[in-house]
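Engineer: Each chain is listed here by its residues.
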Amino acid sequence: MTEPLTPLAPDVVNSFLDVVVRYLRTTVGLDAMVAAIAPPVTTHQTIAVALDFEGDVRGPVTWVFPRPIALELVRRLMSEPDPAPETATDGATELANILTGRASEVLERHGFRCEFGVPRIHVGDLPVGFAVRMTTANGPIDIVLSMSNTGRSGPRG
Amino acid sequence: MPSAIIVDDSPIMRSQLGKLLELAGFTVVAQAGTADGLLELYEQYRPELLTLDIVMPGRDGATAAAELLARYPQAIIVICTSLNTRDKIEICRRAGVKCYLLKPFNPDYAVSVFRRVLNYTREIPIPKFDDVPAAPIARTEDHDRMSRR
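Residue numbers (the working numbering), protein chains in the order written: chain Z, 4 to 160; chain R, 11 to 159.
It is worth saying that the hints were derived from the structure and are not from the lab.
Where is the CB? At the ideal position from N, CA and C, for every residue including glycine.
Misleading hints may appear alongside valid ones.
With the C-beta cut set under 10 angstroms, the calculated list includes, among others, these residues of chain Z facing chain R [unchecked claim]:
1) Leu110
2) Val121
3) His125
4) Asp128
5) Leu129
Work out the full structure, taking the sequences as your base and the hints as a guide.
Structural biologist: The structure is reproduced here in structure tokens:
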């Protein structure tokens, strides 16, 4: 039998985004602000990374990072002042991994049992979902939350 | 010099961990991007320390840690992950993982954790698996503390 799928509740999304803002500051030293609920934009200067959730919450979260932000993570992790441009992809996937991992604590706190998979570079049109733009000093970060709640679990009390 | 193995699918994370482990006094003898060959890697090198990510292609790090520790309970594993969910931490704790280090970690703190593991292996007899008390594993909430049992 197919389980009903419902979008994540606004309070879950807001908590998720709060954690993202916190860990953008920790990982790449950026102050980010939610600027718009808007369609994301990908260009040759951005890298899109998706991670797929399974369990009570299913579907991908897709991150679109400007290359300078991805390189900033490489710079910080490798103590390399001038990292090679081709390392931006590694930086983007690790940043997506860290942000998703830390933000997934929010899903657990809301009663969802779920896991996410290995980050993958996303090419092509971005999936449909709740799209959020965060502004930072190094360019905007777009996040597309395409996850749904399966209804097997959910917010406690 | 004590040896260490790094298992993490991120090349930049392996690079960072390699530098931090060397600062802590370890020689990194092997690195891998998956935990699929963890047992063989351990048997080949018998390192004093293993760092292990959880979300990786193939077998996840928590499962691999449990399998390795079931066979070699003296192995010292530090989980290095961004995943901070109760289920995974509980699997690791029950398996006998010594520390759960959350990414992003403070480099100085990570070095101090690795040094403490080093001292632990040198100065304190390794308890048998069954002797390890069921104390809750420490979460290193950014710069918290490691679990020493």
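Engineer: Could you run down the list of hints and mark each one as holding or not?
Structural biologist: Tested hints:
no., hint, in the structure
1, Leu110, "8 angstroms, holds"
2, Val121, "5 angstroms, holds"
3, His125, "17 angstroms, violated"
4, Asp128, "25 angstroms, violated"
5, Leu129, "22 angstroms, violated"
Against the hints set out earlier in the document, violations occur for numbers 3, 4, 5.
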